[in-house]
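Here is what each chain is made of, one letter per residue.
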Amino acid sequence: MTNAVQPDWRAQSDWQAQPDGAARPDERQSRYVPVRCRECGATVLAAKFSVQHTSVQWDAAAVDQCAEFAARRAIGEQSPLIERCGAMRASIETAALEGQLPVSPP
Amino acid sequence: MNDRNGVRSIDVGAPPARFARGWHCLGLAAPFRDGSPHAVEAFGTKLVVFADESGVLRVLDGYCRHMGGDLSRGTIKGNAIACPFHDWRWGPDGKCVKIPYSRRVPPTARTRAWLTLEQNQQLFVWNDPQGNPPAPEVTIPRIEGAYSDEWSNWTWDSLSVDANCREVVDNVVDMAHFFYIHFAFPTYFRNVFERHIASQYLKTRSRPDYEPDARPATGSTTEIGLVSEAAYYGPSYMIDYLNYDYHGVPMDAVLINCHYPVTPERFILQWGVIVKKLPGLSPEQADKVAAKFAKFVGLGFQQDVDIWTHKTRIDNPLLCADDGPVYQLRRWYEQFYLDVEAVPADMVARHEFEIDTSRAVEAWEAEVAANIAARQAGVSTA
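Residue numbers (our numbering), protein chains in the order written: chain A, 517 to 622; chain B, 1104 to 1485.
Only chain A is shown next, with the shape it has when bound in the complex (with noise of 0.2 Å):
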């Protein structure tokens, strides 16, 4: 594993105890690891289960963050109503080639 950033959502790993039909942490093994963005210094944590296949995992201080959101906010759009951030996608795109995000199938 690699040493990425554990937070919460990941750290549920069994399938018991999980109160009152509380939604379960996905089973499939993502190895997320940090992004930091080459543009803004936005960090996410970013999985890869090919090439093509891309999760990622904002925190409400990275969407701060990211400058083009903002420039986007300060004309009136949504953050969860934009598809992505370009220079994000890019970073985690150089991440990938450059063997620091691995593509890693469940």
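I should point out that these hints are in silico values taken from the structure, not numbers from a laboratory. A portion of the hints provided could be inaccurate.
What the hints assert, rightly or not - Pairs of lysine to any residue residues, derived as SDA-like cross-links and limited to a Cα-Cα distance of at most 20 Å, are as follows:
1) K1398/B <-> D1409/B
2) K1306/B <-> L597/A
3) K1306/B <-> H569/A
4) K1306/B <-> E599/A
5) K1149/B <-> R1168/B
Dock chain B against chain A, hints included.
Okay, now just chain B, sitting in the frame of chain A:
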């Protein structure tokens, strides 16, 4: 999750004990303004919808607090709904305003009034088990086409489904079912969940081996593209902005896919369509185009319903690498079933998931080609 023999077990779980916090669309607003009260079975009870003197739609609990009469079978009298049993009059704020045969109204004579919203020519009610009003940021957004002469009127359809409404929400992440259930051919599929919004970005090709009106397929290789940007705003109201090929002309459409729960094991699924008028189309022709598209959508939903009413609830889906983020979606969806103070920040933090469709496209191209070859062989020997 696998037993001693390595067999995977299904955890059926149980539907949630409460109903989701959020705005729920009850349908187009206009039909509720016909001068009569209307019954809506929702949220484990019966509601009454009626228009007050100024035409504002009001929603109250449907059962009279006096002796349990059904207000939806009563009469609108001024700004109040009158019970058919003893003529108790209930005002828009839920207070009993008059009991004609009594000298006074008991001070406790108050029923539940539901917060309402009209947007996009549709009526919404706010459900919150905690009784709080909605935060402004969770309001239902305006659809410009719903207020424009350049667009058709809404179609509107509904189906009652004997299943928990999580089944329809799961569709947001279910790339592969578009091929098997809706006869579409996804080539691009991406989800974003953040705060109260869950989005799906989808591109599909047509299926040359399948035509929705069941005519024999021609084997034409014309690839009718569809681009869809859909988002749930809260637990139950999805706006889907679509662009698709209509006889070689790009067509803009908006599809509403919404539902409200009747009980934990039943929901009413509703859908409506507007299309942007093509140059030269009369309003009637535009309405026909919308109706045709809505019919196609309805066929798809009927196939969904057939799946949902026969499948089991499953809390532990077994996913492959090329499935969507079912667990992350359900975690997003869970926010609407928790007290608002109890929603953890990471439950509503932004999550993005883009499926690698390359393997699916390869497999489906082969399947489509085989279907066409089989049809052609059948035709030539007939």
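Of the hints stated earlier, which fail here? none
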